[in-house]
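So the sequences go chain by chain: A and B. Those letters in the first sequence? Residues 1 to 315, by this note's numbering. Those letters in the second sequence? Residues 1001 to 1480, by this note's numbering.
Since the hints were made in silico from the structure, they are not lab data. Wrong hints could be hidden among the right ones.
Claimed, not checked - Subject to a maximum C-alpha distance of 20 Å in a straight line, what follows is the list of computed DMTMM-like cross-link-like pairs (lysine to aspartate or glutamate): (1) A/Lys15 - A/Glu63; (2) B/Lys1423 - B/Glu1267; (3) A/Lys42 - B/Asp1005; (4) A/Lys247 - B/Asp1308.
What the hints assert, rightly or not - Chain A stretches covered by chain B per the calculated footprint, using a threshold of three residues with CB under 8 Å from any CB of chain B: (5) 26 to 33; (6) 117 to 130; (7) 264 to 272.
Glycine residues also receive a C-beta, built at the ideal position from the N, C-alpha and C atoms.
Okay, here's what each chain looks like letter by letter:
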Amino acid sequence: MKTDTIIDGSEASLKNFLHTLPGVDQVGAQARAAMLGTRSVKNAAKAHAIDLAISMVDLTTLEGADTPGKVRALCTKGLRPDPTDSSVPRVGAICVYNDMVGVARQHLDAIGGHDLPIAAVTTAFPSGRASMPVKIQDTQDAIASGATEIDMVIDRGAFLAGRYGKVFDEIKIIKDICVERAHLKVILETGELVTYDNVRKASYIAMLAGADFIKTSTGKVSPAATAPVVLVMLEAVRDFYAMSGIKIGVKAAGGIRTTKDAIKQLVLVNETAGPQWLTPDLFRIGASALLNDLLMQRMKMRDGRYASPQYVTID
Amino acid sequence: MSTFDYAPAPESRAIVSIDSAYGLFINGKFVPGKTHFPAINPATGEKLSKISQASTADVNKAVSSARNAYQKTWSKMPPAERAKYLYRIARILQERAREFAVLETLDNGKPIRESRDVDIPLVAAHFFYHAGWADKLQYAGCGDNPKPHGVVGAIIPWNFPLLMLAWKIAPALATGNTIVLKPAETTSLTALLFAQVCQQAELPAGVVNILTGDGKVGAALVNHPDVDKIAFTGSTDVGKTIARSVAHSGKSLTLELGGKGANIIFEDAAIDEAVEGIVNGIFFNQGHVCCAGSRLLVQEGIHDEVLDKLKRRMSQIRLGDPMDKNTDIGAINSSEQLAKIKELSAAGIREGGESWSPECALPDKGFWFPPTIFTGVTQAHRIAREEIFGPVLSVLTFRTPQEAMEKANNTPFGLSAGIWSEKGSRILWAAKHLQAGVIWANTFNKFDPTSPFGGYKESGWGREGGRHGLGAYFKGGNHD
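Just need the whole structure built from these sequences, with the hints factored in.
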């Protein structure tokens, strides 16, 4: 792996590397994100952006109340978001808890969605407060049940205590389990890291440890995928690509509920990491309610008027 | 998937109605001029209207109406009443903000995003701020009962037409002066719309007079014996001429002139935000900013990294139709200014500077210049010394903080500087050593009515804005 030239795997070399990263000026990062929020995306550009956003949605249910019925409904919706319009693209993935992966896989295979990815949240999601064997078992279970993407959480406690090596090692162990079987998304839970400097550092730890994606949040902590946080993470993947030649994806999750929010995310991607990141392979939006707003805006673009919410399916 | 692009998102111009010809605003009324010159949209070359050229007789009339209004109305009015008019003007400006933004963009060529998000909100803020001062002037630090000059003659430039108008009119009126203002020849329209706002606010006749025309009008105003104070914003050359004219006349004078601001990037800076600050420092308003960060001083150790990131960022700048909400860089204001930028850029290339611009198609009509950086520039290059007033950045390097200070101060100007460092002690140290009226730390080109603005050396005399700016409008106040 080419990152061997950046760090040698020891905690000391990791810390040395993190020390070389420039800081993030909070005011400046927020101002840049706010400015990009004023971009106006209309007409054909908006129609294109809506379809692109749909194809990037990781359609998610992560509730204690999740049942096989709920998960099957979600899978059906993800495969054909609008049953009346086959031109609507399918979503990027279905995202569920570990024990629902089997249900989702079976149902998707039955309805012709065998290649729709299933993401499972693991490593004692959302807090990550469990022993390493538990986290390993959690991940192995998910993959064994048919998950093709693993959304793991980092140990924020270790990060905030300055034990970057522990954070790194955990990601590396999970990566070794995933390798060649599942894509690894590493959730930083930026709402608990608080500062943009921490977001940048955690992004690099995850990328160096082998993440395929870095992901903002679990969706259980607020704030989540704010524009400046996503901006800082997009800068990290852009700069990491320049130094290593490896393209890492970004997943913005939590708080993105409207088409407007989603399009602002796409603008951030376009003007920060660049247009080559505008693919479901490199950018995802973790959401549940967002999909219906995208569908309603799509109907509005198509028909010229807003439809009642009853014209989109609730799940 | 096709590429993600932004469809054109033009702001509607239906909100403004531009008259076919405009008169001069004297004593509360529009008076037709005898001769006219065209108002041009610099982005298209389209003729927007005809503007009156004021004559010497018009200048006399305007000054005497201002004198009359000063003596009979404005100086007699209780300060709290003056404040009400300023508040009223501020509120009308906010209500009509979209109209002013569109008109400013059509007349000046700046992007609608900037006129909408920067110029017009600052204009309203300036009137609100000074409205608050009008009945509290004994706390301005100029004595218990500071006295206004009387009649102010103001001459303003074309880069921030309405904002520069606000910088003059708001403090002049708040302190009890009346005013005759001449906007720049190429950007008269928002000043004339402001005259309509004065009518709408029922401001007493003669308190604000607006005379359009060329430099001859400005000269007549400067030399008029019944003008008590001159406030000028513009080029250093014209500023020197005005200073000579005003010398020994007893007139008070403030000058806000040119600059060659140093934007200093230390190696411990937050690089991504510093790159944004460089872009904002020189490409904001097409670089038509007196306090632009037109000299980039970057520490040698991070030169390549900063330049790589800057070039990448510049490749994303969207140049084009100023009315498009997604445009970052609009048109150069006039063919004369475009010629100056081209001349100085050509000199930069002749002197061995290396010029770089991102690929960007320039529109066929109108006046345009691509965002440009010059690398390999030294203190001895003309492009490192002369104000270019366009989207052209000179890149210089330094080795130590001391060297950065020496280079930053090695200029006849002293208007602005920017410091980029994550180290607080370095920022404070540098701010102490820089000879510039405005110093930004980890930001650039940020303005606020509460903050004084002005220069050292050839960048001018006096301050505008804040408590310091009020002094210029009192007898015996600062800089008198």
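* To do: Hint by hint, work out which the structure violates, then give me just those numbers in ascending order.
  => Those not satisfied are hints 1, 6.
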